[in-house]
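Asker: Each protein sequence line maps, in turn, to chains A and B. Using our numbering, the final residue of the first sequence is 113, and nothing's skipped along the way. Using our numbering, the final residue of the second sequence is 116, and nothing's skipped along the way.
Hints may contain errors.
[To be verified] Only some residues are given here: those of chain A computed to face chain B with a beta carbon under 8 Å:
#1 Cys12
#2 Asn30
#3 Tyr34
#4 Gln42
#5 Gly43
#6 Pro44
#7 His49
#8 Tyr87
#9 Lys100
#10 Leu101
#11 Phe103
#12 Gly104
#13 Thr105
#14 Gly106
Keep in mind the hints are simulated off the structure, nothing from the lab. Heads up, the beta-carbon is just placed ideally off N, CA and C, and yes, glycines get one too.
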Amino acid sequence: DAKTTQPPSMDCAEGRAANLPCNHSTISGNEYVYWYRQIHSQGPQYIIHGLKNNETNEMASLIITEDRKSSTLILPHATLRDTAVYYCIVRGLNTGTASKLTFGTGTRLQVTL
Amino acid sequence: DTGVSQDPRHKITKRGQNVTFRCDPISEHNRLYWYRQTLGQGPEFLTYFQNEAQLEKSRLLSDRFSAERPKGSFSTLEIQRTEQGDSAMYLCASSETYRTANYGYTFGSGTRLTVV
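Bound conformation, chain A alone (with noise of 0.2 Å):
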């Protein structure tokens, strides 16, 4: 699975938007997008996921690049209850074995009042 870069820390206010980038140049064909949270004390919470459209659901947005090397989740109105790491991973379905997540150090987000 392809690697992917992230920064360690973000702050954002709330009620405003919050945009965490993903770096993911190695990224193949069939790779997926997935965005996956962690709030303290808790295990990971899946978010949202795409191979190359932008997606929406009810908890979030995914801007995947054209060139799909890049891609940003954002949190339109983000809550105090959004404080939380957030992970980018890149996972292709198809590898048979077990398609497991590989985690890397994520983005810890910190809204603030």
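Fit chain B to the given chain A structure using the hints.
Answerer: Positioned in the frame of chain A, the structure of chain B alone reads:
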């Protein structure tokens, strides 16, 4: 069935003792994963089951670690002769095979192990 359950939530043990953790996945999920997470790091893959078959093990899973999933339902992770370096959060996750792409994994809240 509201999610993945892990028991216990916290475990403190003396070095050299054996410990066992339990994971109850979401009932219709046939895949079950174990991860380990140390402070400041992302979760690291340990092992994976599809139904009762253990299909992949990480190099992180030393001989002191063993995992089982009898009957393809709950799973246990045992650590023998614990060492201080085993102190970590042990996370369990489950997923459906055909839905993995769309819904990802569901993680439990983990078991925090402290070896003293």
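Asker: For every hint, state whether the structure bears it out.
Answerer: For each hint, the structure was consulted:
Taken as an interface hint, Cys12/A does not check out: its beta carbon lies about 21 Å from the nearest beta carbon of chain B, beyond 8 Å. Nearest Cβ of chain B to the Cβ of Asn30/A: about 11 Å, over the 8 Å cut. The hint is violated. A cut of 8 Å between beta carbons decides the hint on Tyr34/A: the least distance to chain B is about 6 Å, and the hint holds. Because the closest C-beta pair between Gln42/A and chain B is about 6 Å apart, less than 8 Å, the hint holds.
The beta carbon of Gly43/A is positioned within 8 Å of a beta carbon in chain B (closest approach about 3 Å), and the interface hint is therefore held. For Pro44/A, the interface hint holds, the least distance from its beta-carbon to any beta-carbon of chain B being 5 Å, beneath 8 Å. A least Cβ separation of about 7 Å between His49/A and chain B falls short of the 8 Å threshold, and the interface hint therefore holds. Checking Tyr87/A against chain B by beta carbon gives a least distance of about 6 Å; that is within 8 Å, so the hint holds.
For Lys100/A, the shortest C-beta to C-beta distance to chain B is roughly 5 Å, which falls under 8 Å, so the interface hint holds. Taken as an interface hint, Leu101/A checks out: its beta carbon lies about 7 Å from the nearest beta carbon of chain B, inside 8 Å. Look at Phe103/A: its Cβ gets to within about 3 Å of chain B, closer than 8 Å, so that hint holds up. Of the supplied interface hints, the one on Gly104/A holds, with its beta-carbon coming within about 5 Å of a beta-carbon of chain B, less than 8 Å.
Here the hint on Thr105/A is kept, as its CB sits about 6 Å from the closest CB of chain B, short of 8 Å. Hint on Gly106/A holds. Least Cβ distance to chain B is approximately 6 Å, under the 8 Å limit.
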